[in-house]
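Protein sequences, first through last, are from chains A and B.
Start counting the first sequence at 1; every next residue gets the next number (our numbering).
Start counting the second sequence at 1; every next residue gets the next number (our numbering).
Hint data in this document are derived by calculation from the structure and do not stem from the laboratory.
Since this is a predicted model, take the numbers as computed values, not measurements.
Some hints could be false.
When chains are identical, the list treats them as one kind, so a pair holds in a single copy or across two.
Stated by the list, open to error - As a list, the in silico EDC-like pairs of lysine to aspartate or glutamate whose alpha-carbon atoms are at most 16 angstroms apart: (1) Lys393 - Glu26; (2) Lys251 - Asp110; (3) Lys251 - Asp340; (4) Lys80 - Asp183; (5) Lys101 - Asp42; (6) Lys279 - Asp225; (7) Lys251 - Glu109; (8) Lys253 - Glu112; (9) Lys80 - Glu21; (10) Lys279 - Glu109; (11) Lys107 - Asp362; (12) Lys253 - Glu109.
Number of protein chains: 2
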Amino acid sequence: MISVEEAQHKISERLAPLPSELVDIESARGRVLAEPLHSDRDLPPFNRSTFDGIALSYQSIAQGTRKFPITGTAYAGSPKVVLTDLDSCVEIMTGAPVPDKANCVVKVEDLEIKDGFATLNDGVELSEGFGIHSQGSDCPAGKTLLQPGCLLTAKELSIAASIGKPQLLVSRTPRIAIVTTGDELVEISALPLPHQIRRSNDLALQVSLQSAGYRNITRHHILDDLAATKATVQSILQDTDVLILAGGVSKGKRDFLPEALENAGVTKAFQWVSQRPGKPLWFGDFEGEGKPTYVFALPGNPVSCFTCLHRYVLPALAEVSGQTPGPSQFARLKCEFRFDPPLTLFLPVMLSGDESGRLWADPLPFNTSGDYISVARTQGFIELSRSESIFPKGTSHRFYPWSV
Amino acid sequence: MISVEEAQHKISERLAPLPSELVDIESARGRVLAEPLHSDRDLPPFNRSTFDGIALSYQSIAQGTRKFPITGTAYAGSPKVVLTDLDSCVEIMTGAPVPDKANCVVKVEDLEIKDGFATLNDGVELSEGFGIHSQGSDCPAGKTLLQPGCLLTAKELSIAASIGKPQLLVSRTPRIAIVTTGDELVEISALPLPHQIRRSNDLALQVSLQSAGYRNITRHHILDDLAATKATVQSILQDTDVLILAGGVSKGKRDFLPEALENAGVTKAFQWVSQRPGKPLWFGDFEGEGKPTYVFALPGNPVSCFTCLHRYVLPALAEVSGQTPGPSQFARLKCEFRFDPPLTLFLPVMLSGDESGRLWADPLPFNTSGDYISVARTQGFIELSRSESIFPKGTSHRFYPWSV
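The following block holds chain A by itself, in its conformation from the complex (with noise of 0.2 angstroms):
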């Protein structure tokens, strides 16, 4: 039995990053960039005009100029228009060029337009530069604006759009398949006999691999026969990068999916870690026609497989998609919590946050790892080390928010 911590590194030792394949913008929504992104001009482009108003040269307001003649009209989307004159001004809309030889916009608030003059309200305060939101102050062009390995959302995507990238490399998204095992295990429409249940950890895996953003996935059910398992997972290893698999994996005496993949010719890393609840976790990879299969295979339990596929799986698909890993979480127990077994133990617990900008985990009452009803009312889990029993209110631990 080996620990969480090495558990993880046997994983991420492994791994090796997908390839990248150019996608449209509209559809990179939650891929990873895996190029650089540089601005291709300078942001804003030229000076902007911020309200809507008038552009003139400060200069004739510091020398007590109030009113000055209209000459023109500067709308977005249209040429720079000319301040012909340093007196004069032109008016000018929000997001338009302001001219040349102008170095400061008057609000509308502040002005009376008449009769093709516009004069200052008293009491204006004003200075060089007011208003206008200078070429290149965002950035200059040629600069690097976004790195690979970000995540694209809606702020990245905004800029990709704005330098003009109507195409974008990302790394491949990952062809994952799901597995489950069990022969009681029935379909959510049939009524369960009395010893059957039905099945709902290839809905749940399912369901957090596309909240995280992955979609080619698929779904595969095989029942308690060692045939029937190794002929499933020979044909899915051809086509898919991660293959998850839940149940079958333990002690049972139908438990098949060891022997199984090890007949498909997956190498084992490692077997059975000292965490709860997962204990039985399996990992290992399958050498393909020139590249790997990483192979998860997760306890039945629901709350194993649920709290496993964030632990171990999320994490390991973000690494291979190139994806720059965010800052770790913390959160302070809210009360004692005391655990025995020298394992590490992932604790459900719902996650709050005081006026003053602490966040509380509150444990959920200790059930039995099978407990997914109350698991639903928990946001995430608490990583419990295994070196120590007692562990008091107020201390902090890493927290692993569910999959939303």
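Put chain B on the given structure of chain A with help from the hints.
Frame of chain A, contents of chain B only:
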């Protein structure tokens, strides 16, 4: 000009819940539940073995018996087997029903199995009920497991699957239209003239909405022309629940939206909010055939537009979808911040958690509200009250995350 709180109130008091509809569980991710869900039977539905091992009567162990004849095998997915003799045992697999007369499961690691007998290892500690996840211990039949208003993520859908709900009643997804305006805006793939910029607000709005789970979204762009603006607004209002406009809403000579909206029969609730960015924000509603359309006209400046979406539009969408509000988040300022104007400030911040579970908000070097490049480095904004101008280091403020 009204306050942020008044604006929020004026929006909220006009909102009516959307009707509900049945959807397949497979496509219910991100939707809001519109019915309560009850357990259809005890969970677990039978006394379930939590280990691979043997099931037996604890009384016989208490009386000193260590070696038990094996009289059968209980598999997950097979009908419950019978423990015929209280001094015997059955082999049992994880997830299998425990025989009626058995009340203890011994793990396979704690046993030796040989010649049809199981012998307990020395020093194994057991108790009545050990290794059994007892019937109804997660919840009894008929208990309410999920309430209307809950957002459906993996863990909620897993519960729905386990209680046999292949379809779920959820609030109808709002039909959203995004309309950008502005002669200066060109396509992402275009090479802009010096006075033009590429359009990015529509994509940023759409992607943020998609990240928040909204799928029924159309996009439109109109040039700065009164007749075209009137015609487009009028036609879109008919089959839209929420209309989001960007640009054309301020005091410029070609800001035709307020006129076009009122001309189309949209009743203005307010315009101008004492906030930065986003002061020109306009909100109104339109009474169509039996259903209202809510109209948010956001400023065209990318940061203003993005901020107003998160501060006003996304909360309104959650409200019409019937979603139970989550708790507010708070973060502490990492350094003193000063802001003199009597406006509520939405300040983009880099959020980080320290190892003691505190959240810190590190403000961006403050440029102008047009600096959407820097915003990419932030995770959201804090809201600073307009009644103060000095915000000391360490004071905590409400944090709004960007939708990811």
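We went through each hint and held it up to the structure:
Proximity of Lys393 to Glu26 under the C-alpha cut-off of 16 angstroms is found in neither arrangement, the shortest distances being 47 angstroms within a copy and 40 angstroms between copies. Proximity of Lys251 and Asp110 under a CA criterion of 16 angstroms is satisfied inter-copy only: 12 angstroms between copies versus 80 angstroms inside one chain copy. Taking CA atoms no more than 16 angstroms apart as the test, Lys251 paired with Asp340 passes in neither setting, with 24 angstroms inside one copy and 68 angstroms between copies. Taking identical chains as interchangeable, the C-alpha atoms of Lys80 and Asp183 lie at most 16 angstroms apart only when they sit on different chains, with a minimum of 13 angstroms there against 74 angstroms within one chain.
With identical chains, the CA atoms of Lys101 and Asp42 are never at most 16 angstroms apart, being 19 angstroms at best within one copy and 79 angstroms at best between copies. Taking CA atoms no more than 16 angstroms apart as the test, Lys279 paired with Asp225 passes in neither setting, with 23 angstroms inside one copy and 66 angstroms between copies. For the homomeric pair Lys251 and Glu109, the shortest alpha-carbon distance between copies (9 angstroms) is at most 16 angstroms, but the shortest distance inside one copy (78 angstroms) is not. Taking the shortest alpha-carbon separations for Lys253 and Glu112, only the inter-copy value of 15 angstroms comes in at or below 16 angstroms, while the best intra-copy value is 89 angstroms.
When the C-alpha separation of Lys80 and Glu21 is checked against a cutoff of 16 angstroms, the pair qualifies neither within a copy, at 40 angstroms, nor between copies, at 53 angstroms. When the C-alpha separation of Lys279 and Glu109 is checked against a cutoff of 16 angstroms, the pair qualifies only between copies, where the shortest distance is 13 angstroms, while the shortest distance within a copy is 68 angstroms. For the homomeric pair Lys107 and Asp362, neither the shortest alpha-carbon distance inside one copy (52 angstroms) nor that between copies (31 angstroms) is at most 16 angstroms. Taking CA atoms no more than 16 angstroms apart as the test, Lys253 paired with Glu109 passes between copies only; the shortest distance there is 14 angstroms, against 81 angstroms inside one copy.
Of the numbered hints listed earlier, those contradicted by the structure are 1, 3, 5, 6, 9 and 11.
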